[in-house]
Amino acid sequence: MIDLVTDLTPICALGGTVARIETFGGLTITEHSDLGLASLALRKGQSAPQPFGLTLPDVGQAVSKDSYGAFWTGRDQWMIEGQGQGAIDFAAAVRAEAPGVTVTEQTDGFTAFEIASAQGAAPIEALMRKLVNIDPKALGAGQTTRTGLEHMTVFLIRRADDRLVVIGMRTLAGSLWHALAVAARRLED
Amino acid sequence: MLIPHPLLGLRDSQEFTYLGDAALMNRPDPATPDAEAVFCDYVFLRDNPAGVHRELWFHEQGDRSWLVVTRDTTTHEILGAELASDVKGAAK
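Chains as they are written, first to last, in full-length UniProt numbering: chain W, 1 to 189; chain U, 1 to 92.
Derived from the structure by calculation, the hints contain no laboratory data.
There's no promise every hint is true.
[Said to hold, decoys possible] To give an idea of the interface, some chain U residues facing chain W are shown, with a C-beta separation under 10 Å as derived from the structure: (1) 7; (2) 9; (3) 62; (4) 76; (5) 82; (6) 88.
All C-beta atoms in this analysis are idealised placements derived from N, C-alpha and C, irrespective of residue type, glycine included.
Excised from the complex, chain W in its bound form (with noise of 0.2 Å):
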């Protein structure tokens, strides 16, 4: 028999064996390793279910309940969030509280960076202005969008007025945090 390796070394999205965090100013960015993504979508003539608890929100809005959140991704389709599930199959968890509807295993094909303000809304509203076409003021506390972020897509939620999570897709993680890094880094000038 051969010997199986077996001692992996599990990493984050930014090939660190921790997630990183990093401050400019105001704003502190983290990446959110632990996060469990599944999409949910209905076919034609279903009723929304409610996994976990949570009503599925209509257009552009994001709702949380306890450790899981539903956003609204398109017509009848939302992404189901769950803290600290990036490493379960969440997607199953998912369809056990929603059965009948498509629900689709996300958590491997994104990545979640989480931007705090300690300065209240206008550094986050001012990051905005620096990177997405999207006003910032329609983009208010529990409002979520999908938009281009440097030529590729995103989904930003504004979790609160001081709180913006944008999720890209996990090839691009380094990418994206230099995007976001060097923007919040102009914004201390």
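Position chain U against the provided structure of chain W, taking the given hints into account.
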């Protein structure tokens, strides 16, 4: 250029990709006897109007919806936008 998305409001046209004439939504029935001739027209023939044109745009960097955008090709003025699924649903 801004496109008035029916669900999301005014959005930067850079978030979209362009396909072409909205008549592409009316795919002919492949089971009819004259299907070959009809498909030949469907695939190769396009109107190219100078003026109001209905065309398909895909919100690729957004909610991934297909829109039917009415645009004046001489002024680039966007006259309206509807969800293609609504247009298709209404036609049935």
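Hints, one by one, checked against the model:
no.: 1; hint: 7; in the structure: holds (5 Å)
no.: 2; hint: 9; in the structure: holds (8 Å)
no.: 3; hint: 62; in the structure: holds (5 Å)
no.: 4; hint: 76; in the structure: violated (18 Å)
no.: 5; hint: 82; in the structure: violated (13 Å)
no.: 6; hint: 88; in the structure: violated (12 Å)
Of the numbered hints stated above, those contradicted by the structure are hints 4, 5 and 6, listed in ascending order.
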